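K.L.:
Single-letter residue listing:
2 protein chains.
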Amino acid sequence: MARKTGSNGEKTARDLRRAATSLFARHGYAAVSMRQIAQAIGVQAGALYLYTPDKQSLLADLMATHMTELLDAWQAEADAGAAPEDRLEQFVRFHIGFHAGRPDEVFIAYMELRNLEPDNLALLQKQRRAYEDVLEDILKSGVAAGRFDIPDTRLATMALIAMLTGVTTWFRSGGRLTLEEIEETYLSMVRGAVGLT
Amino acid sequence: MARKTGSNGEKTARDLRRAATSLFARHGYAAVSMRQIAQAIGVQAGALYLYTPDKQSLLADLMATHMTELLDAWQAEADAGAAPEDRLEQFVRFHIGFHAGRPDEVFIAYMELRNLEPDNLALLQKQRRAYEDVLEDILKSGVAAGRFDIPDTRLATMALIAMLTGVTTWFRSGGRLTLEEIEETYLSMVRGAVGLT
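Taken in order, these protein sequences are the chains called A and B. To convert, note that position 138 of the first sequence is 138 in the UniProt record's numbering; the numbers rise steadily by one, no gaps. To convert, note that position 17 of the second sequence is 17 in the UniProt record's numbering; the numbers rise steadily by one, no gaps.
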């Protein structure tokens with residue numbers, strides 16, 4: 001079925017994505033009905049199907065879009081020609097900054113993998129792997145240049161991404177520290193973890 | 001209502017906790033009914049209420065018990081008189097080992113905070129804080145002894161716990177690395193992150 005276009009259709013599509021993200025994060029995918037999502041944006045349940053064929057497609061689309069935005073944002077910023085330690089710094093600041101503003105999306109990205117059907121899961125895992133490879137490539141080039149001391153770059157990638165993403169579970173703007181102060185402290189820990197001094 | 005005791009009652013109580021943990025981790029608390037849990041262990045729904053007053057109490061009990069076991073296991077192992085770097089090593093190995101075998105409990109501990117009623121949430125946050133304080137205390141004593149270089153011990157605590165807990169999202173026994181190899185690599189990253197060389 002063709003998706004509605006035009007300014008009303010676009011606004012509804014945006015509202016739909018926002019409401020679904022918020023409801024999935026609050027209650028979990030399995031506990032949220034299309035009817036609840038429709039109610040949250042003030043349309044009839046039947047009208048949702050102009051925008052998405054079903055709840056599974058909606059979840060897969062939200063999760064894939066989050067990863068696409070992440071990969072695109074990195075591509076737009078990345079300076080692949082810089083020195084490994086500068087690329088690492090750029091990655092740390094980028095990762096914290098991108099995710100800190102999207103706690104619901106990060107929560108869903110972790111929590112709702114269990115609810116993706118196999119084809120959707122395979123696509124998402126490919127996207128996650130592509131993003132992990134961004135960091136691993138930086139770590140490998142730092143090792144190759146003799147700048148980083150890392151026994152296992154794959155393991156270090158998983159460790160650092162978990163560490164950096166963890167900020168979303170407790171960061172609230174207006175708290176004790178600004179995001180910039182947090183980036184600074186995390187950066188110094190990451191530099192230590194990869195053996196840069 | 002008094003809880004059933006005796007060997008049958010104890011077995012059912014254990015089965016109930018195991019089934020609820022698995023179902024909550026698989027589908028999310030909000031999507032799981034007491035009836036489903038009863039079916040999973042082969043008893044009538046009404047019989048569950050001999051063991052737990054309601055689903056909220058069951059969730060709170062599972063989450064609090066996980067934290068109590070964690071804190072007790074650490075207390076049983078901890079050597080508070082050791083040097084800060086040895087206590088840090090002990091903590092890293094303990095944390096990875098304890099959590100790697102409990103992926104469902106870790107998943108619920110993160111995901112279902114949103115579903116705890118205020119009193120239950122307050123208790124759980126107190127327990128989490130007590131565990132975070134274990135690590136922060138080690139970090140502070142390392143800083144005081146001039147062994148660690150950490151600008152913000154609270155932030156470092158959050159960063160390191162997120163990094164170490166992340167192992168549960170991908171570790172499966174029989175994979176590329178043994179848990180001991182993983183502990184070794186994480187330990188070297190943690191030592192770097194706190195400025196030990």
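It should be emphasised that the hints constitute simulated quantities derived from the structure, not laboratory data. Accuracy of the hints is not assured; some may be wrong.
[Unchecked claim] Covered stretches of chain B (chain A as the covering partner; in silico rule of three or more C-beta atoms under 8 angstroms from a C-beta of chain A):
| # | segment |
| --- | --- |
| 1 | 7–21 |
| 2 | 122–133 |
[As the list claims (entries may be wrong)] Label pairs and their in silico Cβ distance ranges:
| # | chain 1 | residue 1 | chain 2 | residue 2 | range |
| --- | --- | --- | --- | --- | --- |
| 3 | B | Arg154 | A | Thr68 | 17 to 23 angstroms |
| 4 | B | Thr68 | A | Thr68 | 20 to 26 angstroms |
| 5 | A | Ser57 | B | Ser57 | 44 to 50 angstroms |
| 6 | A | Met34 | B | Gly101 | 33 to 39 angstroms |
| 7 | B | Glu77 | A | Pro118 | 53 to 59 angstroms |
| 8 | B | Glu85 | A | Leu121 | 39 to 45 angstroms |
| 9 | B | Arg129 | A | Arg18 | 42 to 48 angstroms |
| 10 | A | Gly81 | B | Thr68 | 37 to 43 angstroms |
| 11 | A | Asp72 | B | Gln75 | 53 to 59 angstroms |
| 12 | B | Gln75 | A | Gly81 | 47 to 53 angstroms |
Quick caveat, the model's predicted, so the values are computed rather than measured. For glycine and all other residues, C-beta sits at the position ideal for the given N, C-alpha and C.
K.L.:
Each of the hints needs a verdict: does it hold here or not?
P.N.:
Consistency of the hints with the structure:
For a cut-off of 8 angstroms, the count of residues in the segment 7–21 of chain B with a CB near a CB of chain A stands at 0, and the three-residue condition is violated. Counting residues of the segment 122–133 of chain B whose C-beta sits closer than 8 angstroms to any C-beta of chain A gives 0, which falls short of three, so the coverage hint is violated. The beta-carbon spacing between Arg154 (chain B) and Thr68 (chain A), approximately 34 angstroms, falls outside the hinted interval of 17 to 23 angstroms. Distance hint check: the CB atoms of Thr68 (chain B) and Thr68 (chain A) are about 42 angstroms apart, inconsistent with the given range 20 to 26 angstroms.
Between Ser57 (chain A) and Ser57 (chain B), the C-beta spacing of about 37 angstroms breaks the proposed range 44 to 50 angstroms. In this structure the hint that Met34 (chain A) and Gly101 (chain B) lie 33 to 39 angstroms apart at CB holds, the actual value being about 38 angstroms. Between Glu77 (chain B) and Pro118 (chain A), the C-beta spacing of about 41 angstroms breaks the proposed range 53 to 59 angstroms. Hint check: Glu85 (chain B) to Leu121 (chain A), Cβ distance near 41 angstroms, so the stated range 39 to 45 angstroms holds.
Hint check: Arg129 (chain B) to Arg18 (chain A), Cβ distance near 33 angstroms, so the stated range 42 to 48 angstroms is violated. The hint said 37 to 43 angstroms for the Cβ distance between Gly81 (chain A) and Thr68 (chain B), and at roughly 52 angstroms that hint is violated. For Asp72 (chain A) and Gln75 (chain B), the Cβ-Cβ distance of about 48 angstroms falls outside the hinted range of 53 to 59 angstroms, so the restraint is violated. Taking the beta carbon of each, Gln75 (chain B) and Gly81 (chain A) are about 52 angstroms apart, inside 47 to 53 angstroms as hinted.
Checked against the numbered hints given earlier, this structure breaks hints 1, 2, 3, 4, 5, 7, 9, 10 and 11; the rest are met.
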